[in-house]
Amino acid sequence: MKMEKKIGIFSKILQETYVWEILRGLGITMKNLLFSRKVTIQYPEERRFYSDRYRGVHYIKATNGVENCTACMLCPTVCPAECIHIEAGEREDKEKYPVKFEVDVLRCCFCGMCEEACPKDAIKLSAIYEMSTSYRQVYDKSFLLEQRGGK
Amino acid sequence: MDATDFIWMGTKIFFLVAILLQVVPIMVWVERRGSALMQNRLGPNRVGPLGLLQSLADVVKFMWKEDPIPGHVFGGYYLLAPLISLVPAFMTFAVIPFAAPIVLEGRVFTFQVADLNVGLIYVLSLASLGVYGIIMAGWASRNKYAMLGSLRSSSQMISYELAMGFAIVGIVMLFSSVKLGEIAAQQGTLFAWGLPRWGIFLQPLGFLIFLVTIFAETNRLPFDLPEGESELVAGYHLEYGSMKFAMFMMAEYLNMLTASGMLVTLYLGGFQLFPGLPSLLSWIQQWYPSEILRVLFEMGSFGVKVAFVMWVFVWVRWTLPRFRYDQLMELGWKVLLPLSLVNVLVTAFFINCGWI
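The listed protein sequences correspond, in order, to chains V and F.
If you use this note's numbering, the first sequence closes out at 151, no skipped numbers anywhere.
If you use this note's numbering, the second sequence closes out at 356, no skipped numbers anywhere.
Calculated directly from the structure, the hints in this document are not laboratory data.
DSBU-like cross-link-like pairs, simulated, lysine-lysine; straight-line CA separation at most 30 angstroms:
1) V:K61 with V:K141
2) V:K120 with V:K96
3) F:K144 with F:K244
4) F:K334 with V:K12
5) F:K65 with F:K144
6) F:K61 with V:K38
Please take these sequences and the hints and turn them into a complete structure.
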């Protein structure tokens, strides 16, 4: 009987002074340190998985080396950020084509509406997301034509 | 004092300062890696093996950074403050013994820079000197947030110094000496139930109080009130940059190191070997009857103990949340101070009865 009372007081002291709880907390952090799975992605070597629907750097599709674009001006019309600038021209075979096709990526909000509006499947957004530069980049036609990423 | 003494003293000082300076980058690395691993991250692991050279890279960065002095500060005090907080942190380690004295050709070589006969009081006085650096930094910055941080810090350190002093009184009564070398040497014998006569077994309450107070004295979490991003921007080092800021950081880690050294010397047996190691030592000494081996063993034991206490600092930091300021003061004045007085009384009673 007396023994039980002693244990009760002892455990009460442990509880009141938080000593036991602090030790338990230390145990939890140590458990995390030793056994938990680390969530860090080692970026340049390891990459996070992005779905195919990711909207990254723009590109223009080409068939047989000729761009699909017919300079119909649907994409600059629909673009909410007004970042696409097209100058239309005429080819030998009387077909309309873009002489100049520029995407001002700094203004682009990657909404993907150009992609949806395009009747010829010409402008597309690839899954490439590394596009940091040290200058104000404007994607011109030759850059867009290098088929970037086969989305 | 002849030439040998001078050379021996110089060697000790050189090695001690070198080791103290090396501990800071290693501790920064341990802190960053340890905290990262506890939070399921990896931490710095790019520079050098396991990221060990990260601290070195940081040092290089600190040295090459521009070192501007804001226009509105008190020039002299502003420059003096980092030095004043750094120097006592170095000086405290002078009295901490890291091995028992050795006798070679009739000459006694001590393994502490100075075995002062007022060792403990010297440590306490230097520990309170460290507050001046923080007050100066806050005052000379002429910035209300830095000022508030330094005020908090100084009141916190001064209130916890009381409890720390009273916790140490128990140890002084037990070993009836304030010489740290003697205190450590007296912990070598055995206590009841085969336990070594370490301070932690003789003074468990005193150990607990001292452990809590050194956390407060070194401004570490859960008592890192002087620094607070949300309410004080940064704290007393708000107006400091580059190397001067690094000196405050170094002072913090060196204070941790001296605090761990004190804790080990007073409560964890100092340089005394771990239980079981003395028999191993005597077994090896059958072939190598050398005193140097004993010194190495003792230094190793001291190092392991200090490293463990340093790890506890890091470990606790990333486990416990911060205290509120009123809670901190309440803990210091209403709990730890009375408890330390009770500890002194109980120790006096036990000594009077001859039980310990």
